[in-house]
Amino acid sequence: MSKLLVKPKAQSGLMQEITPESAGWTFVGFALNRLKPGETTAGEAGEKELCLVLVSGKAKVSVDGEDFGELGERMTPFEGQPYAVYVPKGSKWQAVATTDLDLAVCSAPGGEGFKTKVIRPGTHPQMTRGKGTNTRYVTNIMPEDDGSAQSLLVVEVITPGGHTSSYPPHKHDQDNLPAESYLEETYYHRLNPPQGFAMQRVYTDDRSLDETMAVEDGDVTLVPKGYHPVAAVHGYDVYYLNVMAGPKRIWKFHNAKEHEWLFTGI
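Its first residue numbered 3, the sequence shown is counted upward by one per residue in the numbering used here.
Calculated lysine to aspartate or glutamate pairs in the EDC-like style (CA-CA distance at most 20 Å, straight line): (1) LYS117 <-> ASP148; (2) LYS250 <-> GLU146; (3) LYS254 <-> ASP148; (4) LYS5 <-> GLU23; (5) LYS250 <-> ASP147.
Per label pair, the in silico range of CB-to-CB distance: (6) VAL235 <-> GLU68: 37 to 45 Å; (7) GLY48 <-> GLN128: 28 to 36 Å; (8) ALA44 <-> GLY134: 43 to 51 Å; (9) GLN128 <-> LYS62: 23 to 31 Å; (10) GLY48 <-> PHE70: 18 to 26 Å; (11) ASP177 <-> MET201: 26 to 34 Å; (12) GLY40 <-> GLU68: 20 to 28 Å; (13) GLU81 <-> GLY40: 20 to 28 Å; (14) GLY67 <-> GLN128: 31 to 39 Å; (15) LYS38 <-> GLN176: 42 to 50 Å; (16) GLY15 <-> ALA216: 24 to 32 Å; (17) PRO127 <-> TRP263: 25 to 33 Å.
Simulated from the structure, these hints should not be mistaken for lab results. Please read all numbers here as calculations on a predicted model, not as lab measurements. Built from N, CA and C at the ideal position, the CB exists for glycine as well.
Let's have the full structure, built from the sequences with the hints guiding it.
Written as structure tokens, this is what we have:
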């Protein structure tokens, strides 16, 4: 199995735990907690900043003793938009599930001067990106222009069955602004119906990295460098939650030259 494909480690509780050390990189961390009503998960940000994303379900969330009450409204990631909470460096947080809950913990190096913030549905509109079978639906949770974080960029995407996304292929693995930014990236995948699968390829121009993976419900793929398109197979919609971070909080990508002609049609 590819080293870039991380399978869930459990059926409940801490299902995914990606650290910079386990991924072999510097900036991005990701965890996924699956809880039953009444169960609690908590942590400390330390030197990192966090984005808690209620992928599905509801929870009572507090940060540094400040109670934000019950957050969440959707019970599946394939409907509506998520609630999320930004947790700054040095803070402690807790989430108590009030329904079945999938809670993502996105992390990256933190900075000074940032404040806890609840990010509610509608804060950023869902966008339709692409045309035809390249159509997908994008919700920025923490975009680069919101000024609310040191490092984290967080976005979720829904790709209908039979469609492609993160496509035409693009990459962001060079610290070469304004042409391109360096960003590590994780993809947390969900499938609807859940027994489905999708395909993701991660590859570089020289093919020194070239991995094609069948991703299933709950899998995480790592993108340390290279292009990283996703294809949703017929009959199965794909949701993914992206976490990106690098030395600068800027998403500037480079398109694969041989596929740039596709932009004339999308």
